[in-house]
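Asks: Here is what each chain is made of, one letter per residue.
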Amino acid sequence: MKNKSKMKRTMKKDIRTKRKPRPLKKGKKSSSAVAREKTQKLISDKEYGIKERRHFKRRSADQNGSRNHLREIVSHQEDELKTKNGQIKKWEDKERLAEEQILIRTKVMDSASDGIFIIDAQKGDFPVIYYNQSFQAMTGYPKKDILGKNYFLLYGAVADPRIAEEIKNTLLQDKSFHGEMINFRKNGENFWNYLRIAPVRDAKGIVTHYAGIQTDVTVMRQKDLKIKEQREELLHVTRVGKLAEFVSSLAHEISQPLTAILAYAQAAQRILTGPPTGQAERELQLQEILQYIVNDDQRASEVIRRLRSLLKKSDPEFTPIDMNALINETVVLMTTDVTVRNKVIKTKLHPKLPLIRGDRIQLQQVLLNLISNSLDAMETKDESRELVIRTSCKATIEIMVEVKDSGCGIPLQNMKKLFKHFFTSKPDGLGMGLSISRSIIEAHGGQLEAKNNPDGGATFYFTLPVVLSKSKGKRIPNDQS
Amino acid sequence: MTSRKPIIYVIDDDVSVGRALSLLLKAHDFTVETFTCAADFLAFKHPKSTCCLILDLRLPHMNGLVLQETMASQGLTIPIIFISGHGNIPKSVKAMKGGAVDFLPKPFTDKELLEAIDRAIAKDKIINKDLAEKEKIWRRIKTLSPRELEVFRLVASGMLSKQIAYKRGKALQTIKVHRSRVMQKMQAKTVTELIHFAQKAGLISSK
Numbered sequence: 001m002k003n004k005s006k007m008k009r010t011m012k013k014d015i016r017t018k019r020k021p022r023p024l025k026k027g028k029k030s031s032s033a034v035a036r037e038k039t040q041k042l043i044s045d046k047e048y049g050i051k052e053r054r055h056f057k058r059r060s061a062d063q064n065g066s067r068n069h070l071r072e073i074v075s076h077q078e079d080e081l082k083t084k085n086g087q088i089k090k091w092e093d094k095e096r097l098a099e100e101q102i103l104i105r106t107k108v109m110d111s112a113s114d115g116i117f118i119i120d121a122q123k124g125d126f127p128v129i130y131y132n133q134s135f136q137a138m139t140g141y142p143k144k145d146i147l148g149k150n151y152f153l154l155y156g157a158v159a160d161p162r163i164a165e166e167i168k169n170t171l172l173q174d175k176s177f178h179g180e181m182i183n184f185r186k187n188g189e190n191f192w193n194y195l196r197i198a199p200v201r202d203a204k205g206i207v208t209h210y211a212g213i214q215t216d217v218t219v220m221r222q223k224d225l226k227i228k229e230q231r232e233e234l235l236h237v238t239r240v241g242k243l244a245e246f247v248s249s250l251a252h253e254i255s256q257p258l259t260a261i262l263a264y265a266q267a268a269q270r271i272l273t274g275p276p277t278g279q280a281e282r283e284l285q286l287q288e289i290l291q292y293i294v295n296d297d298q299r300a301s302e303v304i305r306r307l308r309s310l311l312k313k314s315d316p317e318f319t320p321i322d323m324n325a326l327i328n329e330t331v332v333l334m335t336t337d338v339t340v341r342n343k344v345i346k347t348k349l350h351p352k353l354p355l356i357r358g359d360r361i362q363l364q365q366v367l368l369n370l371i372s373n374s375l376d377a378m379e380t381k382d383e384s385r386e387l388v389i390r391t392s393c394k395a396t397i398e399i400m401v402e403v404k405d406s407g408c409g410i411p412l413q414n415m416k417k418l419f420k421h422f423f424t425s426k427p428d429g430l431g432m433g434l435s436i437s438r439s440i441i442e443a444h445g446g447q448l449e450a451k452n453n454p455d456g457g458a459t460f461y462f463t464l465p466v467v468l469s470k471s472k473g474k475r476i477p478n479d480q481s
Numbered sequence: 001m002t003s004r005k006p007i008i009y010v011i012d013d014d015v016s017v018g019r020a021l022s023l024l025l026k027a028h029d030f031t032v033e034t035f036t037c038a039a040d041f042l043a044f045k046h047p048k049s050t051c052c053l054i055l056d057l058r059l060p061h062m063n064g065l066v067l068q069e070t071m072a073s074q075g076l077t078i079p080i081i082f083i084s085g086h087g088n089i090p091k092s093v094k095a096m097k098g099g100a101v102d103f104l105p106k107p108f109t110d111k112e113l114l115e116a117i118d119r120a121i122a123k124d125k126i127i128n129k130d131l132a133e134k135e136k137i138w139r140r141i142k143t144l145s146p147r148e149l150e151v152f153r154l155v156a157s158g159m160l161s162k163q164i165a166y167k168r169g170k171a172l173q174t175i176k177v178h179r180s181r182v183m184q185k186m187q188a189k190t191v192t193e194l195i196h197f198a199q200k201a202g203l204i205s206s207k
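Sequence order for the protein chains is A and B.
Take the first sequence: its position 333, counting from 1, is numbered 333 in my numbering, and each next residue is one higher.
Take the second sequence: its position 162, counting from 1, is numbered 162 in my numbering, and each next residue is one higher.
None of these hints come from the bench; they were simulated from the model.
Heads up, a few of these hints could be off.
Quick list of the computed label-pair ranges, beta carbon to beta carbon [unchecked claim]:
{"hint": "1", "chain 1": "A", "residue 1": "Leu-284", "chain 2": "B", "residue 2": "Asp-13", "range": "50 to 60 Å"}
{"hint": "2", "chain 1": "B", "residue 1": "Met-62", "chain 2": "A", "residue 2": "Leu-284", "range": "16 to 26 Å"}
{"hint": "3", "chain 1": "A", "residue 1": "Glu-288", "chain 2": "B", "residue 2": "Leu-42", "range": "22 to 32 Å"}
{"hint": "4", "chain 1": "B", "residue 1": "Glu-69", "chain 2": "A", "residue 2": "Glu-317", "range": "55 to 65 Å"}
{"hint": "5", "chain 1": "B", "residue 1": "Ile-127", "chain 2": "A", "residue 2": "Val-294", "range": "39 to 49 Å"}
{"hint": "6", "chain 1": "A", "residue 1": "Glu-288", "chain 2": "B", "residue 2": "Lys-5", "range": "20 to 30 Å"}
{"hint": "7", "chain 1": "B", "residue 1": "Lys-5", "chain 2": "A", "residue 2": "Gln-291", "range": "38 to 48 Å"}
{"hint": "8", "chain 1": "B", "residue 1": "Ala-122", "chain 2": "A", "residue 2": "Leu-412", "range": "20 to 30 Å"}
Example chain A residues on the side facing chain B (calculated, C-beta under 7 Å, incomplete) [claimed, not checked]:
{"hint": "9", "residue": "Ile-73"}
{"hint": "10", "residue": "Gln-77"}
{"hint": "11", "residue": "Glu-80"}
To be clear about the criterion: a stretch of chain A counts as covered by chain B if any three or more of its residues have a C-beta under 8 Å from a C-beta of chain B, and this derived list gives those stretches [as the list claims (entries may be wrong)]:
{"hint": "12", "region": "258-266"}
{"hint": "13", "region": "286-295"}
Quick reminder that beta carbons are idealized off the backbone N, C-alpha and C, glycines included.
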């Protein structure tokens with residue numbers, strides 16, 4: 001109880017002390033009072049200042065006035081500085097924000113899986129002024145080889161220069177380009193590049209930069225190719241299957257009359273050597289049998305005749321052909337195949353090759369066949385990459401086309417059999433390609449031959465007669481260009 | 001053996017092949033019957049004679065292999081020589097497994113065919129001999145009384161008279177009487193012969 005009352009007391013005391021401000025010592029003012037005085041003074045100063053400004057022109061510069069004037073100026077300048085400082089701070093903030101933005105953008109650009117780059121359009125040699133990490137990874141070049149260097153040099157020395165030219169021309173016309181092509185990394189590895197480049201314009205509409213995005217689509221391309229390969233394989237299987245089926249039914253159709261003929265003939269032999277029957281009866285029997293033999297022979301012939309008409313193709317269409325153009329066209333057809341196999345086709349074409357006459361499709365078939373054979377021959381050798389197609393002109397009466405590979409060459413024992421039907425050295429080959437090719441070339445009045453190169457690999461070469469103009473016996477000039 | 005000519009059945013949907021084979025085989029002193037489809041052959045009333053069948057693998061409606069199966073299921077034991085215009089290995093294997101005598105790819109010579117026919121006829125003779133013997137045994141079995149037949153079965157399964165008596169609760173003497181009756185009726189000189197008869201008749205399974 002005592003304690004409680006004591007506590008109450010102290011509490012009362014506390015309340016009292018809080019409520020009652022401590023008595024101030026004489027001569028000392030409370031802080032609020034000081035502030036009040038200061039405000040009063042400022043107000044009077046201000047009033048004074050206003051008055052002073054009002055009467056500034058009239059009044060002479062008395063001491064009091066000049067002091068006030070100075071104060072006025074200082075305060076004015078102070079304000080000015082304050083606003084300027086504020087402005088600078090604002091600018092700084094803005095700048096920092098911008099820097100952050102740029103940093104974020106750079107990071108985003110670098111984390112993109114696509115290669116992104118910017119080319120200066122004002123300079124003639126297409127220098128790269130910006131690129132992201134993916135771009136560098138894709139091309140494989142160091143910074144010093146990219147920055148400020150001609151963008152098109154990054155395609156690799158082996159890349160087809162015609163594509164770069166096409167892109168340049170498109171850009172120079174201020175148009176955007178998109179397309180797929182094969183590029184080479186610094187280490188020589190190739191990749192399928194899906195490229196989009198667009199011109200960037202300034203406020204006046206003048207193209208200042210080219211912005212580009214490129215994507216490595218090699219995997220997709222390979223997938224496509226795999227699907228294509230599988231489809232072709234399937235086609236081949238069905239073709240071989242169909243062939244087997246066809247041969248089987250053909251065998252059956254021919255074996256029937258052959259069986260009958262053999263049985264008739266041997267029955268006749270037996271009748272002649274067997275126990276004698278009446279002469280007249282025997283003759284009658286033999287005549288009957290011979291007629292049956294003739295009938296069945298005709299049946300067999302009919303099967304063969306039907307087979308012939310089935311295999312008979314329409315006559316080849318002979319037109320004037322520029323072999324160089326046909327080769328270029330064929331090489332383009334094979335590009336994907338060649339690239340995926342990591343091989344290169346080089347053409348050394350005679351600049352003034354005369355025209356020949358022939359069936360375009362058949363001759364292209366021969367070229368495709370020889371090229372794909374050569375590629376197959378180089379398949380096993382990784383170090384041999386180059387396939388050379390050369391055209392030349394022999395004494396203006398015939399042209400020669402050579403397909404030279406650096407593959408495994410032709411074993412001597414195979415040399416003679418090479419062009420025979422059904423001869424093949426490939427596990428799944430039909431052995432028809434070269435024999436058909438040779439008959440096509442021969443039908444064109446030329447010759448198809450093969451030889452091993454002294455430095456490895458094989459060369460298949462064929463000749464074709466040059467078209468002579470009827471009147472003067474002069475060759476028809478190549479009007480390609 | 002009877003001096004009757006063996007009959008050769010030929011089934012081929014190709015009329016000319018059938019006719020040619022018929023002429024050839026007739027020249028070799030066979031009796032030949034040709035058919036162009038399996039159904040005609042099955043409908044034919046086969047005379048009881050040594051025979052074999054020259055069967056084309058590919059036939060309309062019912063092919064050679066199906067006919068082979070059908071014949072087996074009907075107990076038709078005629079030996080088969082398959083002929084075919086297709087060198088179809090899986091089918092020829094199946095044909096041979098089904099008991100075919102030979103498989104001749106077309107065209108074949110008379111020598112090949114005649115050799116195959118010789119083998120087929122030899123096989124048919126064995127089959128027929130077997131059949132005849134089986135029939136003879138069954139004729140004897142049919143003369144047995146039910147009790148004698150039971151004793152016959154038990155003796156054939158290798159049981160001694162004592163065991164049979166014990167199992168059936170009969171006097172040994174009774175069993176012995178039954179047994180001697182069985183031997184007499186079956187015309188068996190020894191127990192071994194009796195067991196052989198039982199096997200032939202299919203009363204007990206041969207090993």
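Asks: All hints, please: hold or fail.
Replies: Checked hints:
1. Leu-284(A) <-> Asp-13(B): 50 to 60 Å: This hint is violated: roughly 28 Å between Cβ atoms.
2. Met-62(B) <-> Leu-284(A): 16 to 26 Å: Violated - the Cβ-Cβ distance for Met-62(B) and Leu-284(A), about 36 Å, lies outside 16 to 26 Å.
3. Glu-288(A) <-> Leu-42(B): 22 to 32 Å: Check passed, 30 Å falls within 22 to 32 Å.
4. Glu-69(B) <-> Glu-317(A): 55 to 65 Å: This hint holds: roughly 57 Å between Cβ atoms.
5. Ile-127(B) <-> Val-294(A): 39 to 49 Å: 41 Å, holds
6. Glu-288(A) <-> Lys-5(B): 20 to 30 Å: 22 Å, holds
7. Lys-5(B) <-> Gln-291(A): 38 to 48 Å: Violated, since Lys-5(B) and Gln-291(A) (Cβ atoms, about 27 Å apart) do not stay within the stated range.
8. Ala-122(B) <-> Leu-412(A): 20 to 30 Å: 55 Å, violated
9. Ile-73: Status violated, d = 118 Å.
10. Gln-77: Constraint on Gln-77(A) not satisfied, violated at 112 Å.
11. Glu-80: With a closest approach of 107 Å, the Glu-80(A) hint is violated.
12. 258-266: holds (count 8)
13. 286-295: Three-residue rule met by the region 286-295 of chain A, so holds; n is 3.
The structure fails to meet hints 1, 2, 7, 8, 9, 10 and 11 from the earlier list, while all remaining hints are met.
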